[in-house]
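Undergrad: Here the protein sequences come in this chain order: A and B.
Taking our numbering, the leading residue of the first sequence gets 1, the next gets one more, and so forth.
Taking our numbering, the leading residue of the second sequence gets 1001, the next gets one more, and so forth.
Just so you know, not all the hints are guaranteed correct.
[Stated by the list, open to error] Computed spacing ranges between beta-carbons, pair by pair:
{"#": "1", "chain 1": "A", "residue 1": "Asn36", "chain 2": "B", "residue 2": "Ala1096", "range": "28 to 34 Å"}
{"#": "2", "chain 1": "B", "residue 1": "Gly1091", "chain 2": "A", "residue 2": "Gln15", "range": "16 to 22 Å"}
{"#": "3", "chain 1": "B", "residue 1": "Arg1083", "chain 2": "A", "residue 2": "Ile14", "range": "54 to 60 Å"}
{"#": "4", "chain 1": "A", "residue 1": "Arg104", "chain 2": "B", "residue 2": "Leu1161", "range": "24 to 30 Å"}
{"#": "5", "chain 1": "B", "residue 1": "Gly1140", "chain 2": "A", "residue 2": "Tyr116", "range": "55 to 61 Å"}
{"#": "6", "chain 1": "B", "residue 1": "Phe1302", "chain 2": "A", "residue 2": "Gly162", "range": "39 to 45 Å"}
{"#": "7", "chain 1": "A", "residue 1": "Arg72", "chain 2": "B", "residue 2": "Pro1130", "range": "45 to 51 Å"}
[Said to hold, decoys possible] Some chain B residues close to chain A (C-beta under 7 Å, calculated; not the full set):
{"#": "8", "residue": "Ser1174"}
{"#": "9", "residue": "Glu1180"}
{"#": "10", "residue": "Leu1182"}
{"#": "11", "residue": "Ala1184"}
[To be verified] Over the 10 Å line for every Cβ pair with chain B, so calculated as not near, a few chain A residues:
{"#": "12", "residue": "Ser48"}
{"#": "13", "residue": "Thr66"}
{"#": "14", "residue": "Asp111"}
{"#": "15", "residue": "Glu117"}
{"#": "16", "residue": "Glu124"}
{"#": "17", "residue": "Arg221"}
No lab work stands behind these hints, which were simulated from the structure alone.
The model shown is predicted, which means the values in this text are computed figures rather than measured ones.
Idealized CB from N, CA, C, for every residue including glycine.
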Amino acid sequence: MLELHDIHVSYGSIQALNGVSLQVDKGELVALIGSNGAGKSTTLKTISGLLRPRQGSLVYQGHEITRAPTDRIVGLGISHCPEGRRIFGSLTVRENLLLGAVRRKGTLTEDLDRVYELFPRLKERLHQAGGTLSGGEQQMLAIGRALMSRPALLLLDEPSLGLAPLMVERIFGVIRELKLQGTTMLLVEQNVHHALDIADRAYVMETGRVTLEGPAGELRRNPLVEQSYLGR
Amino acid sequence: MSLVYYAIQQIVNALSIGSLYALMAVGLAMVFGILRLINFAHGDMMMVAAYIAAFALFAGLPLWIVAAVMIGGTVLAGLLMERVAYRPLRGAPDVALLLSSFAVGAILQNGTLLTMRRLGRPDQIAFPAPAVLSGVLTLGPITVPRLNIVSLVAGVVLLILLSLFVTRTTLGLSMRGAAEDLDAARLMGINVNRVVATAFAIGSGLAAVAGLLFAVQAGQVNPYMGFSPVLKAFIAAVIGGFGSIAGAVLGGYALGALEVLLTALPGIGDILPQGMVSPGVKAFLQQWLPSSLSGYRDAFVFLALILMLLFRPNGILGKRGRDELG
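Start from the sequences, fold in the hints, and give me the full structure.
TA: Here you go:
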């Protein structure tokens, strides 16, 4: 469904990605793990077109999207729920959700209902400004907003970052549910335990490179992963 | 009693000049919100509009056609400015955009000057004010220039339309989203180029209306007429909270009120009717608020701006923590 071939990205003179290749198949939940600065978020930003690779190619469902603008990439069905949630704080919850569907035509009632079903809390807060929500609620809104475009591929960047343990469980519950519904996802997560629990496959990144890859269950038993990321 | 009428007249004046500042300030605010660009060429859009209107009126066209040609022409000029001078600089440091706006301003001013010389016209031409916009309106004891009523009505109507646009339409919502977080807006699938072009088109259209009204008020047009209004609009936007449309409107009217107050209060001691206040108070007012003080109006306006920046740098409506989000 999505293939990255030898992607190189730099911020000015700083090399952020050094030849990353990875692949996500339809229906899969793929996790991207690694320490801070390994290039996980950069990888997602490159997929959604916020960053331009210096070298390499991105192919999504047969479309070459390496140099496509972000709005076209969203239109093709990739939705990116960014790190730090990036809620429009002065817009209401409802307006945030509507902006998630900006590329779509037709009625949105069904999609709004689906989001309310996943996150009943949002329905109670519809006319509240996004900035007044708690961190967990903002994360719900960010995921709900990303779903409004009916993505074929959902990119999730650190959805559990900075949330209370109970909220982390709820967010992962929702990811599990989305997976059951057949949503293809690429998940960046610092909570490696949770990520490997829920993912089908995973890639481990270090300093801009993929250093390990494989089925999540296998990686969980890999001594290197255990030592570096699972703290055992 | 005459003091009440005087007050009413001054309130109408304040609202009418406030409308003009607000019309100019929202254009600055919309563009700043999205691009972090203080578009100082915005005042020159107003100047371009005034020239288009002047020549359309010289040609004897009916007012509604004049308005249509003026607004259409200015919107096109605004779109062209964005395409040529700002879009290629997207992603460059903010100061590069600012410098580019000064360049656009200089080009527009000198271009107008050259064109007028080529046409054998003087640098400054008298503005042929249409009849609907000239003269006064008399309502019993109250006399108001017709221009002030038109400015007030045009300002309020256009600003209401603008607020409907940004709250009720997808494009308007996209604009607010882009102003708040450009990258997040991109991730929603918003076409940023389209949103930016829309902001310039609307801003230029509103500046065009303000330009016509300013030209009627000044009675003349010249290539540099945009300078003072764009500064005032900038002050208005800062007072209200820069980057916010609501703030720009509020700031525009606040500035209008402040200016009229600064013009009306000095000399108040001279016009107070006999016996209304004790002679002591009257003498005090004449001593400390002499009519000569109104000449320092702009100095007081800038003083207000400095105080605002010192005590409430984010403006009346501002409380943005945008920079924290990186």
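Undergrad: Would you mind marking each hint as holding or not holding in the structure?
TA: Quick rundown of the hints versus the structure:
| no. | hint | result |
| --- | --- | --- |
| 1 | A/Asn36 / B/Ala1096: 28 to 34 Å | holds, 32 Å |
| 2 | B/Gly1091 / A/Gln15: 16 to 22 Å | holds, 20 Å |
| 3 | B/Arg1083 / A/Ile14: 54 to 60 Å | violated, 32 Å |
| 4 | A/Arg104 / B/Leu1161: 24 to 30 Å | holds, 26 Å |
| 5 | B/Gly1140 / A/Tyr116: 55 to 61 Å | holds, 58 Å |
| 6 | B/Phe1302 / A/Gly162: 39 to 45 Å | holds, 44 Å |
| 7 | A/Arg72 / B/Pro1130: 45 to 51 Å | holds, 47 Å |
| 8 | Ser1174 | holds, 6 Å |
| 9 | Glu1180 | holds, 5 Å |
| 10 | Leu1182 | violated, 10 Å |
| 11 | Ala1184 | holds, 4 Å |
| 12 | Ser48 | violated, 6 Å |
| 13 | Thr66 | holds, 17 Å |
| 14 | Asp111 | holds, 14 Å |
| 15 | Glu117 | holds, 21 Å |
| 16 | Glu124 | holds, 22 Å |
| 17 | Arg221 | holds, 35 Å |
Hints 3, 10 and 12, counting from the list given before, are not met by this structure.
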